[in-house]
Every structure is written in structure tokens, then in C-alpha cells.
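Trainee: Model the full assembly from the supplied sequences, consistent with the hints where possible.
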Amino acid sequence: MKVWLDAVLVLLILTNLRLLGSARLTVCIRTVAAQAVLLGVLPLFVQAGAVTFRVALLCAASTLLKAGALPWLLRRAAREANVRNEVEPLVGFTTSLLLGLALLGLSMHVADGLRLPGIEGPHFMVTVALFTTLVGLFVIVSRVKAVMQALGYLAMENGIYAFGMAFAVEETLLVEMGILLDVFVAVLVMGITIHHISREFDHMDTDRLSALKD
Amino acid sequence: MQALRAELIWGLLLIPAAAAGGCFLIRPNAPRRALLVLAALGHAALTLCAWSGAVRPTAYGWIAIDAASLLFLSVTSILFLAASIYAVGYLAQEQRQLQSAPREPDLDEEPPFTNYPEATFTGCLLAFLATMSLVAVSRHLGLMWVAVEATTLASAPLIYFHRNSRSLEATWKYLVICSVGIALALLGNFFLAVAARSYGGTPIPLTLDDLAAAAGSLDPRWLKGAFLLLLVGYGTKMGLAPLHTWLPDAHSEAPSVVSALLSGALLNCAFLTILRVHGLLVAAGLGAFSRELLVDFGLISMTVAAVFLIRQADYKRMLAYSSIEHMGILALGVGIGGLAGLGALLHTVNHSLTKAMLFFAAGNILAVYRTKSTDQARGVLRVLPLTGVLWIAGFLAITGSPPFGPFLSEFMILKGAIDAHRPWIAAACLAALALAFIGMAGAVINMAYGTAAPGAAQRLDLSPIVPQREPLWSILPPLALGLAVLILGVYIPPPLGDLLRRAAEILHVQ
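Sequence order for the protein chains is L and X. The opening residue of the first sequence carries number 0 in numbering that gives the first Met the number 0; numbering runs sequentially from there. The opening residue of the second sequence carries number 0 in numbering that gives the first Met the number 0; numbering runs sequentially from there.
None of these hints come from the bench; they were simulated from the model. Note that the Cβ used here is the ideal one computed from N, Cα and C, for glycine as well.
Quick list of the computed label-pair ranges, beta carbon to beta carbon: (1) 191(L) to 291(X): 39 to 47 Å; (2) 114(L) to 52(X): 46 to 54 Å; (3) 90(L) to 113(X): 33 to 41 Å; (4) 59(L) to 418(X): 53 to 61 Å.
Covered stretches of chain X, going by a simulated chain L footprint (3 or more residues, C-beta under 8 Å): (5) 143–153; (6) 157–171; (7) 179–193.
Mentor: Structure below.
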């Protein structure tokens, strides 16, 4: 089991690096969807053998939403907006990747500090969770396209979700469903807004949304 | 203390939620607007009922009405009632304008725009009320998180009511910045869950009562981390600098009735969530840590806001920065504690009522002058005599001049700072308040007394002497709020005083 868990975690790191290094919008959307699938199977290896109905239901729901509905929504928003299929970063891809490695180092360092006295094990998972969160944040600030910012938000949410899983934080089913619903509606509203932005401006470059300032 | 029935809470949540659903189904405008006011009245009536007692934790201890809930619920309910009356008039006016002629560009060089469908607007307004009520009554930190994020989502379409590029930009910034902030708060919730579990073995449910009962056994390191993340997350929503950047844009581009609710009700809800977590830290013996952070954030917010208030050229942005300043005062008051903590709770009430009144008045000015520039919108006292008086009274109140309510609460906070032997904080606070006064005074006096700029008068056919018509709906809500602020400055009704003291005790802010 441990081997499988580690494999999934390494794959998660790779999806993050791909999100940072890829120049194509559609590839980025697919990458975040893949991330959601990996997160969906993670509980199978974390809670070895003790997959309750509750866990199964949550995993199914979140995988369906984050790997199915939301990427579809964002791809549609991008296609209708008729934007070029390019990421257009403010920070170059090579620099992004190097910074990504730095973020990975930082996550390892922070995860070291978060070791719990009694509990052994989730250390690597905490590293990956923090790394995913940080990469999401970095994508939000360093990418111009509105779709990429929505993707960054999703990646960040994925990381936080993984963090909760690492410490086996058990929220009640209702709250977990509420969180999932909120994330879904958030991306839905973002998608609608992206649609309006592209109609209003003929682009969705958020660095050109600069009429409001002091 | 009389125990009230749990159905009261469900009523408070379900009335606006059901009405919101109804809004999407009703096609004609008139009954939909009536529904808005009716739901607001129903919500206010139920809130009034709640004053006769308290609702004990129900539904697994997830929701309840204690003194703190009731305080914030009442403010929200009063503001929403005023806003619903204002909104009915406002929507009718917008509809007339759209039907009468193709819309001319505003003076701010905005191209003509259409409005978002009115059903969506009214529905989101009511959904916004439902989510804010849920924040006020929830006692489970996870549920609270869900509710706070839901307020963001319900209010985003409200900001984009005027379909133009500027409001779109404001909406996008609001969505992204607040969502990221709230995501950090979720991480904070997970930290709290870890803190609640690391030693005891059995996990403690994340309800306020369970956590407070086990406060001594929470892991202090994780608890501190949780507070930091929750403060940053919900602080983004509350508009504490340096996380405030969405606030001036959203407040200036949203319709004034929405700005009033954002400033007067939504920021309070975020403040309440921070207060709940702060109370937990005090119970766990980490009060010094959270107080210090609140004081720091408070001082930074007040300073940043004061700097941006000087020479502010847009009067709705000016009100937005004033909100940031007052959120800073609230954080500072709670951070100091003692009398200042009680003062901060009173100031929540005073600020909300005053700021909503100012935004309503700003809406009246904007409707006639069609510009948000303080330079162009001059001579308000002559063109709109009643609004002009409200505008000046609101300015005096918000800057803490006697005899209005904010003077009293700000005085309590300053007195608290001196009692706590922190004269430097009191001095810094006074300096920021003085700067804000000077910054706002210039703009407000110019707008009230100045002669209308020639360009504006010509383009809008405004004779600088002939007063414009001021419909009742546009005057009554701000007037009522203004009178309440005036009364609160000289007389605090005993039930309110009692409620404030009980809320301060529950939230551990004293």
C-alpha cells in the first residue's frame, strides 16, 4: 500500500510541475483534472481497507465534480471566449519551474515543522499538499488569463483537500458536501464571469483589467 | 433568559431562501419587488422575536442564537429592511431610465450599458440575506466556512448588476481575492481540527461549544497557526489591510444599495467569524497572541485607509476606504480588550447604520449627477436639499463627531486603550482618525456647498438653483438610519446595552 501511496503522491508533484511548465491552456485544464482524479483515489491507499460508504461517496462526488464538470466548464468558457490556446505567463516557464522547485523545498521544510508528536506517516503527504496549495497560489498571481486563475484556485483547493486527508480530518458529511458545493459554485460563477469578460473586452487577460485603481 | 423554539432559526434562514427561489419564478416585476420587502419584513419580525430570549444549540449543536448572533443578526436585518425599500424604488427608477431612452454615457466615460435581469438581482439579494443569517447563527466552524463562502457567491452577481467593463473588473477581483482568502480559512479550519485531536485521541467536533469545553487540551502551536490562517482568510473578507484590495473596487462599482449591504452587513459577518475564533483562543489561554495580531491588523488598516482617503476623487471609493478604516477600528478595539472590546461591539452597530445611510445618500447623488467624481458632483445641498443634509450628517457621524453614535463608541475604544496603558496606540488611532476627517471633509464640503462644475451642469441639464425631485423611497431609509445613529449617540436603550454586555462576555472581548 505504501508504495502505491507514494506513487500517487509523486504523480501529484508531477502534475503540479506540468501545470507550471505547460504553455497550452487545454493541457493545463487536463492537468488539473488529472490532479483531481489522483486525489480521488488517494483515500483508497491512505485508509487501507477501511473505506467507508461516507468516504466512497465523497471521493466519487468530488472526482466527478473536479475532474469532470469543472474542467468541462472551463474548457467551454475558454472555447467560447475564442482565446488563443496559450497561457501567456507573466513569469516565464523556465523561471516558473525553477520557482516551483523552490516551493517544493519550502513545502518540505514547513512539513518538517508540522510533524505531530504521536502520528507517523503523513509527512510526505503534507509536503505534497502544501506544495499543491502553493503552486495554485503562484499560478493565480503569475498567469494572465482568467481561466488560469480559476485553475489556480482549483489547484489550491486540491492542495487544501489533500492536507485535510493527510491528517485524516473528518468533517461531517454535510460540511464536506457543503465545501464541495461551494467550490463548484465558485468555479461556476467564475466561468460565467470569464464568459462575460471575454464578451465585454474580446480578451480575458486580467492584467488588462486595470481601470479601477487609486 | 427564556428558551425560544428552534423553529425561529429555521424561519430566519428559510424565509429569505424560499423568497430567493420565488424571485426566479415570478415574471412580472411588481409582485417580485413586493416579495423582497415582505421577506425583509418577515426576517425583521423574527429577529425581533429572538430578542425575548435565546435559542439553545440545535441540529447537533450546529446552529443557535446567542447574544452575539442576535447582535449581528439584528444589524443585518435592519439594514436589509432599509435596503429592500430603497431597492424597490431604485429598481423602478432604473427600469424607467432604460425604457425611456437609450442610455447616455455617464460622465465617467462609461459606455452605455444594460442591467442584469432584475429577477436575478432580487433573488441574489435575498440569497445574500439567507447566507449572512447562516453565518450569524452557525456554531460549527465548518458550517460557518461554507456560509461565508456562500455570501461571496451570492453577492458577486449583485456587483455586476450594471453590465459594464468596470463592474465586471470589480466582480472578478472580488471573486478571486475573496475565494483565495476563504480557501486559506479552510486550511485554518483543518489546522484547528488537528489542534483538536493531537493529544486527546478522540477528535473533538468543531462546534464552538465542544471546542470551548476542551479549550485547555487543544495543541497551542496548531491553534496559533489556525488563528493566523483564519484571520488572514476571513480578514480578506472583512477588508483588513493589506488584504483589502477588492473592497474599494467592489463598493464603488456595485449599485449603492448593494454597497450599503456589503459595507454594513457583510463585513460584520466576517468580523463575527474572527471574533468567534478569537474567543476560542482566549478560552485556550492564548488571548495575548490573538489580541496582538488584531491590534497590528487594526493599526495597519487604519493607516492605509487614512492615506487613501486624502484627495480621494471618487466619493463611493471614499466611503469604501472609510469602511476599511472602521474595520481597523473594530479589530483594534477587540485587540485592546476591556472597555475597548465593548466599544468595538457598539461601534459595529454604529458603523453599519451610518455607512448604509451614507451609501444610500451617495446613490441618490449618483442617480442625479451620473458621476462618482467629487469634483463634478457639486452643489448637492441646492440640487438635492434633503440628500445634501443627510450626506453632511452622515459625514459628521462617520468621522466620529458628537453627538452621533460613532463618537461614543470610538471614545470608548480610545478610553480602553488608555486604561490598558497603551497611550501610543491611542495616539496613533487619533492621528488616523484626524487624517480621515481631514481627507473626507474636503471632498464632502466641496460636494455639498460648491457650485456645480459647468461641464456637469450643462450635460445633465441641471440648473444649479432648481432643486430636483427627491422621491420618498430614497429619503426615508437613510433618514431612519440617521435618526437611529443620532439616538444611539445620546441614549443606548437598556435592552441593547444588556445585549452588548452579554455578547462581549460570550465572545471574550472584554
